[in-house]
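Trainee: Each chain, letter by letter, is given below.
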Amino acid sequence: GNSVTQMEGPVTLSEEAFLTINCTYTATGYPSLFWYVQYPGEGLQLLLKATKADDKGSNKGFEATYRKETTSFHLEKGSVQVSDSAVYFCALSEATDSWGKFQFGAGTQVVVTP
Amino acid sequence: ETGVTQTPRHLVMGMTNKKSLKCEQHLGHNAMYWYKQSAKKPLELMFVYNFKEQTENNSVPSRFSPECPNSSHLFLHLHTLQPEDSALYLCASSQDGYSGSSETQYFGPGTRLLVL
Chain W
126 GNSVTQMEGP VTLSEEAFLT INCTYTATGY PSLFWYVQYP GEGLQLLLKA TKADDKGSNK
186 GFEATYRKET TSFHLEKGSV QVSDSAVYFC ALSEATDSWG KFQFGAGTQV VVTP
Chain G
609 ETGVTQTPRH LVMGMTNKKS LKCEQHLGHN AMYWYKQSAK KPLELMFVYN FKEQTENNSV
669 PSRFSPECPN SSHLFLHLHT LQPEDSALYL CASSQDGYSG SSETQYFGPG TRLLVL
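Chains as they are written, first to last, in the working numbering: chain W, 126 to 239; chain G, 609 to 724.
Please keep in mind that the hints were generated in silico from the structure rather than gathered at the bench. Some hints here could point you the wrong way.
Said to hold, decoys possible - Here are some chain W residues the structure puts well away from chain G; computed CB gaps all over 12 Å:
id : residue
1  : T137
2  : S139
3  : E141
4  : T145
5  : G166
6  : E167
7  : T176
8  : E188
9  : K193
10 : T196
11 : S204
12 : S208
13 : D209
14 : F214
15 : F227
16 : Q228
Unchecked claim - Distance windows between CB atoms, simulated:
id : chain 1 : residue 1 : chain 2 : residue 2 : range
17 : W       : E140      : G       : F659      : 45 to 53 Å
18 : W       : P165      : G       : S673      : 16 to 24 Å
19 : W       : T153      : G       : Q662      : 23 to 31 Å
20 : W       : S204      : G       : S673      : 45 to 53 Å
21 : G       : P691      : W       : Y164      : 36 to 44 Å
22 : G       : S646      : W       : N184      : 21 to 29 Å
23 : G       : E664      : W       : T196      : 18 to 26 Å
24 : W       : S204      : G       : K626      : 45 to 53 Å
Every residue, glycine too, gets a C-beta built ideally from N, C-alpha and C.
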């Protein structure tokens, strides 16, 4: 079956540091890939997505490129802020013979210190 | 963000109580979902409704009972819960296509449930 694996947290870094969160997936077909972010006390918000190989999703300074050859969708940001402290979820969605299904990773907590 | 709303935001209930969680989406979507988020565990998909029909039930105990009266509203009825059911319950919606493609899911803020 489909699965998503992302690096365990927490990831602690200083403001203005470079952030990378690794995400790899297994899927039988051609999934769409997503990054969601969850701030404390809130639900999940879509951060970015990519729907086919070599697509790059970007939003709020975050980027991720759909790499089919390595089945990866790593999230990066060049200079993090304290306000980026949150839990980040990698997810895939693949159409099936019934309805599309989402598969989420376990989440990676990011803590940015001043 | 007011696309998907959930009430109540917090709920404390005893194991013999009956309560309901409500979700409403204002996005014109045709699919709605219930997820359970427990500490240090991946998101667990509980139920999926497409065009008001339940299309998935991931072996959820019968003490959780979903209801989808129309494509904008989704309820989760709770009765005789256990302490291990304490978690954040998230509702989501999406616009799914007939071909089986699944579009982006939009989440509500969740209901934080504590079962005593």
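Trainee: Look at each hint and say if it fits the structure.
Mentor: Hint-by-hint comparison with the structure:
1. T137: 17 Å, holds
2. S139: 25 Å, holds
3. E141: 28 Å, holds
4. T145: With a cut-off of 12 Å, W/T145 remains clear of chain G, as the shortest Cβ separation is near 21 Å.
5. G166: Incorrect as stated: the minimum Cβ-Cβ distance to chain G is 8 Å, not above 12 Å.
6. E167: 5 Å, violated
7. T176: 10 Å, violated
8. E188: Answer for W/E188: holds, closest chain G Cβ roughly 18 Å.
9. K193: 18 Å, holds
10. T196: 18 Å, holds
11. S204: 25 Å, holds
12. S208: 16 Å, holds
13. D209: The assertion about W/D209 holds, with a minimum of 18 Å to chain G.
14. F214: The claim is violated: W/F214 sits with its nearest Cβ about 7 Å from chain G, within 12 Å.
15. F227: Label violated. Min Cβ-Cβ 6 Å, cutoff 12 Å.
16. Q228: Violated: least Cβ distance 9 Å, not greater than 12 Å.
17. W/E140 - G/F659: 45 to 53 Å: 47 Å, holds
18. W/P165 - G/S673: 16 to 24 Å: Once the Cβ atoms are compared, 30 Å apart, the range 16 to 24 Å for G/S673 and W/P165 is violated.
19. W/T153 - G/Q662: 23 to 31 Å: 24 Å, holds
20. W/S204 - G/S673: 45 to 53 Å: 48 Å, holds
21. G/P691 - W/Y164: 36 to 44 Å: 27 Å, violated
22. G/S646 - W/N184: 21 to 29 Å: Since the Cβ atoms of G/S646 and W/N184 sit about 28 Å apart, the hinted range of 21 to 29 Å holds.
23. G/E664 - W/T196: 18 to 26 Å: About 25 Å separates the Cβ atoms of G/E664 and W/T196, which means 18 to 26 Å holds.
24. W/S204 - G/K626: 45 to 53 Å: Given about 50 Å between the Cβ atoms, the range holds.
Of the hints listed earlier, those the structure fails to meet are numbers 5, 6, 7, 14, 15, 16, 18, 21, in rising order.
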